[in-house]
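J.: Now for the letters of each chain:
2 protein chains.
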Amino acid sequence: MIPQIIIGKKPLLRYVTACLTTFNSGSNRVVLRARGRRISSCVDVVNMLRKGFLVDITIERISIGTEKISIDNKEKNISYIEIVLRR
Amino acid sequence: MIPQIIIGKKPLLRYVTACLTTFNSGSNRVVLRARGRRISSCVDVVNMLRKGFLVDITIERISIGTEKISIDNKEKNISYIEIVLRR
Chain A
1 MIPQIIIGKK PLLRYVTACL TTFNSGSNRV VLRARGRRIS SCVDVVNMLR
51 KGFLVDITIE RISIGTEKIS IDNKEKNISY IEIVLRR
Chain B
1 MIPQIIIGKK PLLRYVTACL TTFNSGSNRV VLRARGRRIS SCVDVVNMLR
51 KGFLVDITIE RISIGTEKIS IDNKEKNISY IEIVLRR
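Protein chains in written order, with the numbering used here: chain A, 1 to 87; chain B, 1 to 87.
To be clear, the hints were calculated from the coordinates, so they are not data collected in a lab. A few of these clues could be false.
[Stated by the list, open to error] Which residues of chain B face chain A? A few of them, derived with a C-beta cut under 10 Å, are:
# : residue
1 : ARG38
2 : VAL43
3 : VAL46
4 : ARG50
5 : THR66
6 : ILE81
Heads up, the beta-carbon is just placed ideally off N, CA and C, and yes, glycines get one too.
Working from the sequences, and respecting the hints, build out all of it.
T.: Written out as structure tokens, the structure is:
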């Protein structure tokens, strides 16, 4: 099972740090996942990692799709992105 | 050269329509491109196309990266996404 980091509303650097910590604890892969408006932040985190912190990471897979969420008992479709990074 | 559609701030349905028009005019590929906060909209457009309009499209490639833009003579890094769709 690949460690997963879900991008939320914290400062981007928190997620960058979480990735670094995961890689440094011995994992050679990390999944970054974001939904809705956080999708852009997810791409930002990957780019920050690649530009400034871990030059030797590669993007193994990027997938996008929709999932259903329920807000106030109403079902809504929301887009997501999943980026698998490999060290 | 693959036709390119750049996602901006218009209603999402405009971009969905632009993709459909491009496919219907004979192209078997379309590149969708977005920067910054529009990255989420780009994923939304692809999902709308796949869910509601063109079931037979596949995602050929998704790439992300950063590019430099200058705002008020200052250089800034901005994330982008590029999604190649194939009919």
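J.: Evaluate each hint against the coordinates.
T.: We went through each hint and held it up to the structure:
no.	hint	in the structure
1	ARG38	8 Å, holds
2	VAL43	4 Å, holds
3	VAL46	6 Å, holds
4	ARG50	8 Å, holds
5	THR66	5 Å, holds
6	ILE81	6 Å, holds
Checked against the numbered hints above, the structure breaks none of them.
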